[in-house]
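Q: The sequence shown begins at 388 in the numbering used here and counts up by one.
Hint data in this document are derived by calculation from the structure and do not stem from the laboratory. Treat the hints with care, since some could be wrong.
What the hints assert, rightly or not - No more than 25 Å apart at the CA atoms, straight line, and that leaves these computed lysine-lysine pairs for DSS-like:
hint, residue 1, residue 2
1, 718, 688
2, 548, 563
3, 688, 617
4, 456, 557
5, 457, 572
6, 557, 597
7, 457, 597
8, 718, 563
9, 633, 572
10, 557, 665
11, 557, 457
12, 617, 563
13, 718, 665
14, 718, 557
15, 572, 718
16, 557, 617
17, 617, 548
18, 563, 633
19, 548, 456
20, 633, 557
21, 597, 688
22, 597, 563
23, 633, 688
24, 572, 548
25, 713, 665
26, 572, 557
27, 718, 617
28, 713, 688
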Amino acid sequence: MRTLRITPLPILIISFLFMLIPILSYLATADFYFLSIWQVRNVFSKMEYIQILVLVSSLFVSIGILFRKKAGYFAFFTLAGILILYNVWLLTSSFFGKSFHVAGFPLTRQDVVMNFSLTLFLLGSIYYFLNQEISAPYFSPDSRGWRRNPRETIPLSFQLKFQSSTFAGKTINLSKSGAMVPVIKSFEFEPGEEGEVEIVFEDRDGRDFKGVFRCMLIRIDEIDFLPGEKQIGLRFLSDSTTNESKIQLSYFLEERYSPRYVVSTQVQFGERGFEEYKDQLANISAEGLYLNTNIHYPTGKDIYIRIPTLSGNIDLEARVSWSNPKGEFGKQQGFGVQIVLNRNPIRFRIWLLRVRTQKLHTR
Numbered sequence: 388m389r390t391l392r393i394t395p396l397p398i399l400i401i402s403f404l405f406m407l408i409p410i411l412s413y414l415a416t417a418d419f420y421f422l423s424i425w426q427v428r429n430v431f432s433k434m435e436y437i438q439i440l441v442l443v444s445s446l447f448v449s450i451g452i453l454f455r456k457k458a459g460y461f462a463f464f465t466l467a468g469i470l471i472l473y474n475v476w477l478l479t480s481s482f483f484g485k486s487f488h489v490a491g492f493p494l495t496r497q498d499v500v501m502n503f504s505l506t507l508f509l510l511g512s513i514y515y516f517l518n519q520e521i522s523a524p525y526f527s528p529d530s531r532g533w534r535r536n537p538r539e540t541i542p543l544s545f546q547l548k549f550q551s552s553t554f555a556g557k558t559i560n561l562s563k564s565g566a567m568v569p570v571i572k573s574f575e576f577e578p579g580e581e582g583e584v585e586i587v588f589e590d591r592d593g594r595d596f597k598g599v600f601r602c603m604l605i606r607i608d609e610i611d612f613l614p615g616e617k618q619i620g621l622r623f624l625s626d627s628t629t630n631e632s633k634i635q636l637s638y639f640l641e642e643r644y645s646p647r648y649v650v651s652t653q654v655q656f657g658e659r660g661f662e663e664y665k666d667q668l669a670n671i672s673a674e675g676l677y678l679n680t681n682i683h684y685p686t687g688k689d690i691y692i693r694i695p696t697l698s699g700n701i702d703l704e705a706r707v708s709w710s711n712p713k714g715e716f717g718k719q720q721g722f723g724v725q726i727v728l729n730r731n732p733i734r735f736r737i738w739l740l741r742v743r744t745q746k747l748h749t750r
């Protein structure tokens, strides 16, 4: 599997800004006290402990974010927490008459409030962009940066256009920020190129909606479970003409693809009743589930499913949303269903809450 070739621009910018903090702070301190930049010990002796802590933390944050490490992301939250708590202490103390000085200059209460507001704004902006970008390039079903849980399979019809070439099929997985789709082995485009993808899904009223998204090619991988094909990661680009598509997609994912939880238990199911077949439940959410089985039904077929639990049976009426008879997309043979009617809703919620304490599979 190929590694990511390009790092999103916001991540590069944020990493660069955090790298600048210790450099600029050191130079400013040396200049203010008329010290040579080579007098390292003297320069640091003029700094307060909180300033030195921020400088060291900024380096860890910068390197961690640049290399997309879990420790770097946590270091950012640690630094943000330190800065916020420090500003809260300054603000609270100023209301009790305590005075503060920076390099010999007094700080007014208005200065403290303005500094606190600016700190919150900058930290909030950085978090917003990190949250938007940090997982967008990693559309491998095996690993996304440090988020190593598999992405759920969401097979929807798509049509992808790159220049004069068109590709069509079913999406492998999908999120609000992008998609992973299969293409033919002769796919010749490179990461960084832009195109347009149309994806068909249901709107709020249950009708087919054709979402149109400007996208950028992020990564290209060979895939074992689709011989002769590749999978490519697409990141959706911001475009005012696609706002409605993004709104509808967000609603669709929230309503139809709640977080999946791994479950290993036998269930009963059938077309005419609960006890026609028995097979293994693979995962479940508040909206649907996936069964590992060699029994298959066409999409749209209504079936009955019974989940035995310690507190009693959970009886569901469901509709087949997709069928996977060949065991593609890295899954075993089986099919996925959408829950139409839950005959034991309270028991189901309690049981699902217990399952949530086990292993969560994020989209």
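Q: Out of the numbered hints, which ones does the structure contradict?
A: Hints 3, 4, 5, 7, 9, 10, 11, 19, 23 not satisfied by this model.
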